[in-house]
Structures are given as C-alpha cells and as structure tokens.
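Student: Listed here are the chains, written in short residue letters.
2 protein chains.
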Amino acid sequence: MALRLGVLEKVATVFKRHGAQTIDTPIFELKEVLTGKYGEDAKLIYDLKDQGGEILALRYDLTVPFARYLAMGKVSSIKRYHIAKVYRRDNPAMTKGRYREFYQCDFDIAGQYDPMLPDAECLRVISEALTSLDLGPYKIKLNHRSLLDGIFAACGVPHEKFRAICSAVDKLDKSPWDEVRKEMIEEKQLDGDIADKIGSYVSRQGGNELIHELRKDEILMKQPAAVSGLEAMELLLKYCDIYKITDKVVFDLSLARGLDYYTGIIYEAILTGDGVGVGSVAGGGRYDNLVGMFDSKNKAVPCVGVSLGVERIFSVIEAKLATKGEKVRTTEVEVYVASAQKNLHEERMRIISDLWEAGLKAEQSYKKSPKLLAQLQHCEENSIPLVVILGERELMNGEVTLRVVKTREESQVRRENLEKEIRKLLGY
Amino acid sequence: MALRLGVLEKVATVFKRHGAQTIDTPIFELKEVLTGKYGEDAKLIYDLKDQGGEILALRYDLTVPFARYLAMGKVSSIKRYHIAKVYRRDNPAMTKGRYREFYQCDFDIAGQYDPMLPDAECLRVISEALTSLDLGPYKIKLNHRSLLDGIFAACGVPHEKFRAICSAVDKLDKSPWDEVRKEMIEEKQLDGDIADKIGSYVSRQGGNELIHELRKDEILMKQPAAVSGLEAMELLLKYCDIYKITDKVVFDLSLARGLDYYTGIIYEAILTGDGVGVGSVAGGGRYDNLVGMFDSKNKAVPCVGVSLGVERIFSVIEAKLATKGEKVRTTEVEVYVASAQKNLHEERMRIISDLWEAGLKAEQSYKKSPKLLAQLQHCEENSIPLVVILGERELMNGEVTLRVVKTREESQVRRENLEKEIRKLLGY
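Sequences listed follow chains V and F, in order.
First residue of the first sequence? That's 9 in our numbering, and the numbers climb one at a time after it.
First residue of the second sequence? That's 9 in our numbering, and the numbers climb one at a time after it.
Treat the hints with caution; some may be incorrect.
To be verified - DSS-like, lysine-lysine: derived pairs with alpha carbons at most 25 Å apart:
id, chain 1, residue 1, chain 2, residue 2
1, F, Lys24, V, Lys51
2, V, Lys375, F, Lys246
3, V, Lys369, F, Lys252
4, V, Lys39, F, Lys57
5, F, Lys335, V, Lys24
6, V, Lys57, F, Lys39
7, V, Lys246, F, Lys376
8, F, Lys246, V, Lys369
9, F, Lys350, V, Lys375
10, V, Lys18, F, Lys39
11, F, Lys252, V, Lys375
What the hints assert, rightly or not - Far from chain F by the CB rule (all over 10 Å, computed), these chain V residues:
id, residue
12, Lys18
13, Gln29
14, Asp49
15, Asp55
16, Tyr77
17, Lys87
18, Lys169
19, Gly215
20, Tyr251
21, Lys305
22, Ile325
23, Lys369
24, Lys376
25, Gln385
26, Val421
27, Glu424
What the hints assert, rightly or not - Derived DEER-like restraints, expressed as beta-carbon distance ranges:
id, chain 1, residue 1, chain 2, residue 2, range
28, V, Asn351, F, Lys82, 30 to 36 Å
29, F, Asp225, V, Asn351, 29 to 35 Å
30, F, Lys82, V, Arg358, 31 to 37 Å
31, F, Glu417, V, Gln120, 42 to 48 Å
32, F, Glu62, V, Glu340, 34 to 40 Å
33, V, Lys246, F, Arg422, 47 to 53 Å
34, F, Asp98, V, Gly406, 54 to 60 Å
35, V, Lys305, F, Glu417, 42 to 48 Å
36, F, Lys18, V, Gln120, 45 to 51 Å
37, V, Gly281, F, Ala330, 34 to 40 Å
Since the hints were made in silico from the structure, they are not lab data.
Note that the Cβ used here is the ideal one computed from N, Cα and C, for glycine as well.
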C-alpha cells in the first residue's frame, strides 16, 4: 500500500496540475446502466444479489459511470479525475498485474470545444504521468477511428462488419498478422483479398510523413471519413509538437482499441524499456456519444479521456525495487521513544505526548519494560531515523539521549530542547 | 469530494503521526466470514449474486476484514490504519450522514501488550483527530465491558441475558431510561426490580471519583469482573491524564456499544457543541477474541481500535460552511492562461506547456478564440489566483500581462521571467 499510494499520489498530482477536480461515483450502478456498453466483456460484470429494491452490479470501469453522472446531472462541461477501484470477473494473473479488483486512474475532459485541444492535453497528461513515475522509455501510439473506418471502406469491408474487423485489428498488439488475418477470414467471413488490403495499411506507422503518404493514396482519399481522420491526426501531431511530446508519440495504423464507444482519436501507451513486457499502461480516446446514451433526449456531451492502468505500473515498480533490493518504508515514523531501564513507561508517555503535540511522527513500545536492544532493533528494521532514549539518571538531570539510528551517534539533550533538536536532525 | 478528501487527509495525518501503516482488503469477503459477526444487523449485508465460484458479500465494516487478514496472514502484531468504504443496506438519511456506501476511518493496534497502553493511545488518536478537524467541543465516553458484566451480575441479571441487556443499555444515548427499562422488562423478560437496580448504575458518570464510589459498593465488589473492570478504568484514566486528555474523557456507565465482539474498554466520541446533533462521530474498543474466530487453532490476537464516522463529520463541516457562506475550491489551479485576441491558442499552448513543465498548476480554455471576459470570469468563479494574458503586441515584445485576479492588479512580465514572477506572487 505504501508503494501504491506513492504511485497514486504522483498520478493525482499530474491530474491536478492540469486543473482537474475529482468526483466519486458509487461502487455499484444499476445493472441496466452497464448493459450494452462492453460488448463480449459484459460477462465479466459482477452482479449483486437481488435482495429486493434495485438490481445492481459493480462498476466495470470509471468511464461509463462518469458518462451516466454527466447525463443525470445535466453537466455539459467538466474536467475531472477519478482514482478508484473497478471490478471484473476475469482470470487473475498476479505477475501481469491483472486482478478482479483493481485501481483505475481516469482523467477526462467533457465539453464542446475546438478540435484536438482537449485531446492533445490528454496525451500531455499521459506523458507527464509516465515521466513522473520514472518507468523508463515509453511510446504513445495514436490512431483515429474515422481513419480506420475510411481504410475499411476503401478496402471494401461491408459497413456492418466495421466494428468486428476493428476488434480483430485490435489484437495486433498481441498476435501476429497471420492470426488476425485468419480471424478476419474464418470467423468474420471477410474476403482474403480485402483482409490483405487491410494488412497493407495496418502494418504502417510513423509521424507526419505517414500522413503525407496516405494523402497520396487516391482510393483512400475518396473516403470522407479517411480525409477527416487524417486532418484530425495532422492537427493533433502539430499540437503534440507544441506540447513537446513529438518524441513520445507514434501514429500507428494498427491501433484499434477494443471498446465500441470511441468515436475519434484513440491512443495507448506502452513501455518500451528492457524486460518490462507488461503491455499497455495507459489508454483512451474520444467518445462523443456515450453520454447521450444516458440522456432521455439523447443530448450528447463530447468527451475525451485517458485511463492509467496503475496495477501494471505497480508490478513494474515492484519488480524494479526487487531487482535493486530496495524496500519501501511502510510507516513514516520520525522518532521512536525508548527506555533504557524498567518501568519508565509513564515518562515515555509524557515525552511522546509532547512530540505528538508538536506534530512529530512518533511511536513507542506498548510494553511497560521493553528491552533496549529490542527497541533499537525495531528502529533499524523500520528505518526510523531517530530514537530518544530515557534513562533514570538523565531524567533526574532533565536530560535525554538522542540517537541517530543510522550512524549510532548519540548526544545528551535538555528535555526542553528536545523537539528543536529533533527537527534540526530531521532537517526542518 | 474536495471537502471529503481534506477531512480524510487530516485523519490520515493523525494516524500516521502515531506510526500506523496502511493496509487494504478487498471490498468483498467470503459470505461466511461476515456471518455471525453483526447480530441482528446481518440483514443489512449486501450479497453478491452467485455467478459461479465463491459466495461473496460486500464488507460491512473494516474490523472483521482486518481480523480475518491477521488470522490468515498469521500476523501477531501490527498498528494499521484503513480508510475505505463499507456497505450497508440501511435506510439512508442524507442529513444525518447515513448512506448505504460510506467511508470508515479505522486505526487499530493488534498485539499482546501491557494493559491500557495501546487503549490509551487510541483515545489520544480520537482526541487529536477531532481537534485537528476543528469540530468544536467534544467528549469521549468511556466504559468497560467487564464492569458492565459485573454490574449486571450484581443486579441479578441471568448470565445468558448479559448481551441482550447490554444492547438495551446501548440505546440510552437515543432513548430515555423509561423506554429502555420497558424494553428490558417486556422484550427481554427482566424483573422490574433488577431493571431498576441497573438503572441506578447506568445513570452515573464522572471521573476518578466515580471509581472511588463504586469501590465502596460492597455488592458490586463481590463480582470479580467488576473489580478487574474498575482496575482497568483506573489505569486508563491515569494514562489519559499523562496524555493530557482528561478534560475530553468521561467515565459513563451508560455506554454499552452495540457490537458483540468487544471484550474490554469501550468508547464513543460525541460532539457537544450547539446545533451539531449528529450523535457519535467516533467509537471503538478492545476486541481480544475476534481474530481467534478466523484462526484454525483459535489463536487469539488481542486488538483495540477506533473507527471515525467521517460521513457525520462531513455533514457537520458542510453545514458549518453553508452557515458561513463559504465555498470549497474544487481544483487547485494556480494560474490561468488567457488570450486577449483571436487565434492565439498556439501561443497559449506554448506558454502553458512551459508552466506545466515547471510544475505549476495551470489551465486554459479549450477554445481557439475564447472571449477575454469569459476567461476572466472563469478565474473569478473558480478562485484561480493568477491569470497570464496574451496579446499580440506584447508577444512581439517578448512580454505577457500577469494579473492578480482578486485585486485586478496587472503587470507586464518578460516571458523568460514568467515562472519566477508567478512563484513570487504565489508566495513560494
């Protein structure tokens, strides 16, 4: 938890730096709110027992509850972050950071704004978060749903198969093209020729030069969706340049994202360093129609957002610490109050009470007469920097011993100067 | 959420000051773990649907999961805090801060220690938390389960009725004695004489003088449970004196606490200021046998802890702010980047990018050409202290305008000095 809270705090700091407020939604939603939002994955939703009253399920992500909240509250613009747990009846895989209960860290911008301004900020937020977490090199893959639709149309995919082919393309980050091609042909009854045409597109990635190449593709440019998608990508890449993240992003035609609700730009961040094979650590995109699904008049609120997969990040950081042999402190104790003789517990209590009063983080043994060695050992094991040692004779002289645990240096301190001396040694 | 997070952070600060580490447990527990722990209230437990696999329920409090965690992990000593949500199918009452999903803030000390040392620290923790939250005057009522048992025995209550009579006494904070007496006699088939004897005890409260009085009660002193309970109380009051909270605590024989699992000292904090009628805001006690219920060999781990009812605290603080007409800021934005003419959005992006890079909390409009008045209004409404205003002419001279929102004072600042000037105005 100490490690996790450290990560979550860094993420929240980035979200707050971008002016987001935080909201909370209940852990449960009406079952009907979640129905029809997650495609095949709906089978992973945890349902509550019908005990009378509403039929409830545990939230599956933070995006659908956010959209429901906007529609119910008639909120037409907000920049919010939400760090909370979601629930999926999936097969857990501890080493990959896949759990049934796990944190998501979401940042979303809702509102009717000018093209790509909020979208570019989401990419900047991903970049700041991953940089601040010091996870090593990473790339943010970008693509656009309209462009994908334009490519599918140009290749001759029937319109009703767009989403199915899209979710086949989505598997390219885990499976080789041959397998994805097979799925398109065998499972999704696509013509082999059409699949091959798709293959020639989705293998391409790059930057502005890829946009120029695609602009020369006459068949593709006959698709209005492709034209508008490319225009959006071009503007986004320009904004990425202004936001100084050009070296972090890559325009990747194989990126498709599984969820149905994306309507514009989509993105996914992966770590590219050695031995961090954990797949995507952040993802998101634009979803302009989701809020409308919860509004009685179908009123849309355009949204774009990012979700950080912190469980994967936790496991990367844990592995890193394990390699270095480093331990995370689980408490923040600054000073321990110890006694060198028996029955000094009341004196210890008087002193620790003063330390708490002064706002210092302090603890002591709950035994009346603990052994000095055991007390000092506790301090070393828990990396407590300072220890106050009480002895009868010193107490009679109005003094205590202040010991620096690491160096074992000791000094006699007047009791009335104790807090001041402790602060000095702690450096504040 | 801004208000809530502020409260939770203050509470966590107190818990950490006392050297507690934090742990997390899943939101769901095996149904069998919760069974038989909450008496009549078990009907309020939220069950998950049986979708195959384990039979689960949502946690009802943080104490039972903590005890289960200690037993499963063979942890024999720990000082931990846990701030998380629990779930009860209760009738919500918004104004009283009673919800079906609500936060609890728990601090517990587990381990075999000397009498009353951890217990006194829990009282000190309550006191520090309530003081730091600035909720006005409060009292911490204290009692001891052994003493209550001794009193019941001395009055002639049959042993098998102890817990039932105890839960009747527990209602004295909400109901007058007459009603409680009626419940004892009519529902719990107690003799009227016995009930009256109990009444003469449970109406008493005080400090050390009450201990001396009870010591003179010969019938009571024939009960070993009463003798040991009084001894414990006396030691606790002495420790409270050392911890400088004597003026906050009151020994109150009417305090009984509803839960069955308490075995020693029990306590409850109430606000005593005007117009804050929200009942108890913190409570807890010693429960030495709960962990053993989850251990195959019945191995006990003595525990004592406190739970803060922060939802009630939230509603008290909300009411206080409403009275004063004060608003809580929902974001922490330090500086807004505005433009005075059209199409300066790329310049704004360049500047805000530098501000983020410098760690400043900054936001801007997502419109290419927002109106200046609308931008300034946003700053005033959201109490953003500073605004950088871009104008074409100033930009050509390498300058921007820096405006203090409250005073409307403006100054021209060289772009290269912008971050420095902002920090100066923010006071760091």
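Student: The structure should be examined with respect to each hint, and the outcome stated for every one.
Tutor: Comparing the hints with the structure gives:
{"no.": "1", "hint": "F:Lys24 - V:Lys51", "result": "41 Å, violated"}
{"no.": "2", "hint": "V:Lys375 - F:Lys246", "result": "16 Å, holds"}
{"no.": "3", "hint": "V:Lys369 - F:Lys252", "result": "18 Å, holds"}
{"no.": "4", "hint": "V:Lys39 - F:Lys57", "result": "12 Å, holds"}
{"no.": "5", "hint": "F:Lys335 - V:Lys24", "result": "19 Å, holds"}
{"no.": "6", "hint": "V:Lys57 - F:Lys39", "result": "12 Å, holds"}
{"no.": "7", "hint": "V:Lys246 - F:Lys376", "result": "14 Å, holds"}
{"no.": "8", "hint": "F:Lys246 - V:Lys369", "result": "23 Å, holds"}
{"no.": "9", "hint": "F:Lys350 - V:Lys375", "result": "71 Å, violated"}
{"no.": "10", "hint": "V:Lys18 - F:Lys39", "result": "36 Å, violated"}
{"no.": "11", "hint": "F:Lys252 - V:Lys375", "result": "20 Å, holds"}
{"no.": "12", "hint": "Lys18", "result": "12 Å, holds"}
{"no.": "13", "hint": "Gln29", "result": "4 Å, violated"}
{"no.": "14", "hint": "Asp49", "result": "14 Å, holds"}
{"no.": "15", "hint": "Asp55", "result": "4 Å, violated"}
{"no.": "16", "hint": "Tyr77", "result": "12 Å, holds"}
{"no.": "17", "hint": "Lys87", "result": "7 Å, violated"}
{"no.": "18", "hint": "Lys169", "result": "31 Å, holds"}
{"no.": "19", "hint": "Gly215", "result": "19 Å, holds"}
{"no.": "20", "hint": "Tyr251", "result": "5 Å, violated"}
{"no.": "21", "hint": "Lys305", "result": "24 Å, holds"}
{"no.": "22", "hint": "Ile325", "result": "17 Å, holds"}
{"no.": "23", "hint": "Lys369", "result": "5 Å, violated"}
{"no.": "24", "hint": "Lys376", "result": "5 Å, violated"}
{"no.": "25", "hint": "Gln385", "result": "14 Å, holds"}
{"no.": "26", "hint": "Val421", "result": "21 Å, holds"}
{"no.": "27", "hint": "Glu424", "result": "17 Å, holds"}
{"no.": "28", "hint": "V:Asn351 - F:Lys82: 30 to 36 Å", "result": "32 Å, holds"}
{"no.": "29", "hint": "F:Asp225 - V:Asn351: 29 to 35 Å", "result": "31 Å, holds"}
{"no.": "30", "hint": "F:Lys82 - V:Arg358: 31 to 37 Å", "result": "35 Å, holds"}
{"no.": "31", "hint": "F:Glu417 - V:Gln120: 42 to 48 Å", "result": "34 Å, violated"}
{"no.": "32", "hint": "F:Glu62 - V:Glu340: 34 to 40 Å", "result": "36 Å, holds"}
{"no.": "33", "hint": "V:Lys246 - F:Arg422: 47 to 53 Å", "result": "27 Å, violated"}
{"no.": "34", "hint": "F:Asp98 - V:Gly406: 54 to 60 Å", "result": "55 Å, holds"}
{"no.": "35", "hint": "V:Lys305 - F:Glu417: 42 to 48 Å", "result": "45 Å, holds"}
{"no.": "36", "hint": "F:Lys18 - V:Gln120: 45 to 51 Å", "result": "38 Å, violated"}
{"no.": "37", "hint": "V:Gly281 - F:Ala330: 34 to 40 Å", "result": "51 Å, violated"}
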